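Student: Chains A and B, in that order, are what the protein sequence lines are. FYI, the numbering for the first sequence is 1 to 418, going by the numbering used here. FYI, the numbering for the second sequence is 419 to 836, going by the numbering used here.
Treat the hints loosely; a few may be bogus.
To spell it out: a stretch of chain B is covered by chain A in this simulated footprint if at least three of its residues, at any positions, have a beta carbon under 8 Å from a beta carbon of chain A; those stretches are [what the hints assert, rightly or not]:
| hint | segment |
| --- | --- |
| 1 | 445 to 456 |
| 2 | 492 to 503 |
| 3 | 525 to 532 |
Only pairs whose alpha carbons sit at most 27 Å apart, straight line, appear in this in silico DSSO-like list of lysine-lysine [unchecked claim]:
| hint | chain 1 | residue 1 | chain 2 | residue 2 |
| --- | --- | --- | --- | --- |
| 4 | B | K754 | A | K336 |
| 5 | B | K426 | A | K112 |
| 6 | A | K224 | A | K336 |
| 7 | B | K642 | A | K8 |
| 8 | A | K224 | B | K754 |
| 9 | B | K530 | A | K112 |
| 10 | A | K224 | B | K530 |
| 11 | B | K754 | B | K426 |
| 12 | B | K754 | A | K8 |
| 13 | A | K8 | A | K336 |
| 14 | A | K112 | B | K754 |
| 15 | B | K626 | A | K224 |
| 16 | B | K626 | B | K426 |
| 17 | A | K336 | A | K208 |
| 18 | B | K530 | A | K336 |
| 19 | B | K626 | B | K754 |
| 20 | B | K659 | B | K642 |
| 21 | A | K224 | A | K8 |
| 22 | B | K754 | B | K642 |
| 23 | A | K224 | A | K208 |
I should point out that these hints are in silico values taken from the structure, not numbers from a laboratory. Bear in mind the structure is a predicted one, so any value in this text is a computation, not a measurement. Virtual Cβ for every residue (Gly too), placed ideally from N, Cα, C.
2 protein chains.
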Amino acid sequence: MSVQEYVKELAASAKRASAQVASSPVSVRDSALDAVAEQIQLQRGCLLEANQLDLANASTTGLDSALVDRLELNEGRIDAMLESLAVVRALPDPIGGIEDLRFMTSGIQVGKMRVPLGLIGIIYESRPNVTVDAASLCLKSGNAVLLRGGSEAIESNRVLATCIRAGLTRAGLPPEAVQVLDTTDRDAVSAMVTLNGVIDMVVPRGGKGLIERVARDATVPVLKHLDGVCHLYIHADADVKMAIDLAINAKTHRYGTCNTMESLLIDQDVATLIPDLAASLLERGVELRGCPRVQRILGDACIAASDADWGTEYLAPILSLKLVENFQEAVDHIAKYGSGHTDGIVTNCHATAMRFLRVVDSSSVMVNTSTRFADGFEYGLGAEIGISTDKIHARGPVGLAGLTSQKYVVLGNGHIRR
Amino acid sequence: MSVQEYVKELAASAKRASAQVASSPVSVRDSALDAVAEQIQLQRGCLLEANQLDLANASTTGLDSALVDRLELNEGRIDAMLESLAVVRALPDPIGGIEDLRFMTSGIQVGKMRVPLGLIGIIYESRPNVTVDAASLCLKSGNAVLLRGGSEAIESNRVLATCIRAGLTRAGLPPEAVQVLDTTDRDAVSAMVTLNGVIDMVVPRGGKGLIERVARDATVPVLKHLDGVCHLYIHADADVKMAIDLAINAKTHRYGTCNTMESLLIDQDVATLIPDLAASLLERGVELRGCPRVQRILGDACIAASDADWGTEYLAPILSLKLVENFQEAVDHIAKYGSGHTDGIVTNCHATAMRFLRVVDSSSVMVNTSTRFADGFEYGLGAEIGISTDKIHARGPVGLAGLTSQKYVVLGNGHIRR
């Protein structure tokens, strides 16, 4: 059997199982999550052994040390995995509820019921915890799921797959509802992302290379964000102390996250705050790359930003800084160089704040807040399947609702159309 | 300039204009719609002359008479066009409002603002009124639009394009926000539907051939439905008179619409209603195609349904009928042969009705109602851009909200992440 046939067959079996998951009561889906947790608890030893095999293979193949770190499981990480499962289990049922049921003038009642999408495909890299995390989010939202983990984690993922399928069976759900692709063939990904009519949505979770490849090859809908080139704009009417605190938090709270500020725009009217801000950032080891005017203020403390700097997601202790003449230059800069992820303004002027919210076309727009808040948990979604910088279907941090759709429900009492 | 370059250039100019439409107050967008109506009123004579040219060309090329009918404009149809414009103008502003603004435990406020998608592409056939209808829906929702009408309507559409652009200019909006492709080259469609990053969504409005072609070639998101193979299932606990009335209305109210019933499933426990129902349908000239058991009841009045009949959208006075053993056989049949458009049940059993709503995976699911109600106006959407049988982004009848997205709005007072 070719890898294409294998992927197709597994996906088809998951799709067939999806109807049963979709119409199951939440108590059954929750007890499946409980049973999966129990199985993982029982198989701790087995899971750690399998993970040791993956780690041994990784050292043979000379895997990058950052990836090895993500691949590694230990008791603490297994505990964290079980904790995430419990968090998802505790969320309210995202499907089946009927909203906005209203009478129309014809006498019919029309509302919307939230329903699962069907079959979700998840494509991810070395972290084995994504196997459990993604499976739990899909099951909770009534979806079946086809998982394609990194080849470097295949031994760990095999054990987790067994736990998940055993859990499903114990809860009376079809084990085929969660399929873990057991192949290291890279063609499996291209096969997955072109299964229109079988896979309803694909979510790539991983580095930019993976996401770009999936987005390029996919013909099924993809939930993704490519870049987080986030801006903070310090407006002329900003509270200077607040602006400095927000800029430092947005840049230095964590460097490797997509909602970290990469570019700071400073209104020329508050240019006097630059030396203090720069001193704080330099003290924290942040490299500064400025426009000519910022460079003139900072001298040797700041190197020249090239045009490429403005559109770069550093994911590192580097910040580009630009002095702008006014609001319009700031929002034009964001429109030109931003990635539509998260952009914020610091201002005490209400009209300016409202204007910024309206005209900046990003998945999160913020006033007087650190960009680091752009996150499913911070937004109260309970869990996060990913962040979308696209506008179709879901945008910004995506919780369980992003794995669902709505259908119209129409109730009558023999109503005919006249 | 090649047709690809021409399409790309026109789309790029519309996209550039889209930001100004997106951030314009609703009063400006409404006055643009008023000004477009005024221009059409002024150009009535010119429009009718241009339409005469299209009709003359159509008779030379031997255009199908149904298409000629759709192509033709007269005073009444121009009045109807102006009336639709007024209806769209009267709708509340679908963008800019902030929903669900709530405080999080961190102290930040998080809500969602409804925003336009950006640039919508509309691909349609002979009816020139779609030019005005689609342009008004896109403008009202803050979008720019690229229109590709049928080549047979090009003279009429040229005049309408002039009216729309003049209206935009008078209202102070960029005329580039509505672009009408002035070419009969069929490659323009393929060029449009692959403009990722420029066109945010494409809506094909027309026959199945057009929609299939767009769906096959498109790499940008498409809002579409292909088939309306709608079912009504008469359950064992149905009120017999209600069931007959609903079946007759769902089949015979109009034959050519996508929400017309094409297949009737009858529970064997209420098979006795078949002769009366059949008599009413035959009286109205409906051809009946039945399963063997239905045929045994009706004899010569009913021909045999082939397997192909079950998945066919007749769009004609033809109905397929099947006797089913129970609820499960009915919903399995709908899952196998339906198109996910609209399916209904007739029953007085509450539990069965609720079960039907939950398990049938169609964009509209109905209880004791004619399928003919699946319609944007009947659902109170105010206007309808199309019906979607896909699950991503929009599903079922789609109003102005289907041309919008949401972005997160985050308000703080110097909140940093800890």
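Student: Next step is simple, just say for each hint if it's right about the structure.
Tutor: For each hint, the structure was consulted:
Counting residues of the segment 445 to 456 of chain B whose CB lies closer than 8 Å to any CB of chain A gives 0, which falls below the minimum of 3, so the coverage claim is violated. With a threshold of 8 Å between beta carbons, the proposed coverage of the segment 492 to 503 of chain B by chain A is violated, since 0 of its residues qualify and at least three are required. Taking a C-beta to C-beta cut-off of 8 Å, the segment 525 to 532 of chain B contributes 3 residues in contact with chain A, enough for the three needed, and the coverage statement holds. For the hint linking K754(B) to K336(A), the alpha-carbon distance of about 48 Å lies beyond 27 Å, and the restraint is violated.
Taken as a hint, the K426(B) and K112(A) pair is broken in the structure, with Cα atoms around 38 Å apart against an allowance of 27 Å. Of the pairs offered as hints, the one joining K224(A) and K336(A) holds, with about 20 Å between alpha carbons and a cut-off of 27 Å not exceeded. In summary, the hint linking K642(B) to K8(A) is supported, as the alpha carbons are separated by about 25 Å, within the 27 Å threshold. Under the criterion of a C-alpha separation no larger than 27 Å, the hint pairing K224(A) with K754(B) is inconsistent with the structure, at around 32 Å.
Between the alpha carbons of K530(B) and K112(A) the distance comes to roughly 19 Å, so the proposed pair stays at or under 27 Å and holds. With a CA separation close to 19 Å, the supplied pair K224(A) and K530(B) stays within the 27 Å bound. Distance restraint check for K754(B) and K426(B): the Cα-Cα separation of roughly 41 Å exceeds the 27 Å cut-off, and the hinted pair is therefore not satisfied. A distance of roughly 19 Å separates the Cα atoms of K754(B) and K8(A); the hinted pair therefore holds under the 27 Å criterion.
With a CA separation close to 41 Å, the supplied pair K8(A) and K336(A) exceeds the 27 Å bound. Of the supplied pair hints, the one linking K112(A) and K754(B) holds, its CA atoms being roughly 23 Å apart against a limit of 27 Å. For the suggested pair K626(B) and K224(A), the alpha carbons sit about 31 Å apart, so the restraint of at most 27 Å is broken. A C-alpha spacing of about 26 Å is found between K626(B) and K426(B), which places the hinted pair at or below 27 Å, so the restraint holds.
Under the criterion of a C-alpha separation no larger than 27 Å, the hint pairing K336(A) with K208(A) is consistent with the structure, at around 20 Å. This hinted pair checks out: K530(B) and K336(A) have alpha carbons roughly 23 Å apart, not beyond 27 Å. Taking the CA atoms of K626(B) and K754(B), the gap is about 20 Å. The hint holds against a cut of 27 Å. Restraint check for K659(B) and K642(B): the C-alpha separation of about 35 Å exceeds 27 Å, so the hint is violated.
For the hint pairing K224(A) with K8(A), the CA-to-CA distance comes to about 23 Å; that is within 27 Å, so the pair holds. Taking the CA atoms of K754(B) and K642(B), the gap is about 20 Å. The hint holds against a cut of 27 Å. Between K224(A) and K208(A) the CA atoms are separated by roughly 10 Å; this keeps the pair inside 27 Å, and the hint holds.
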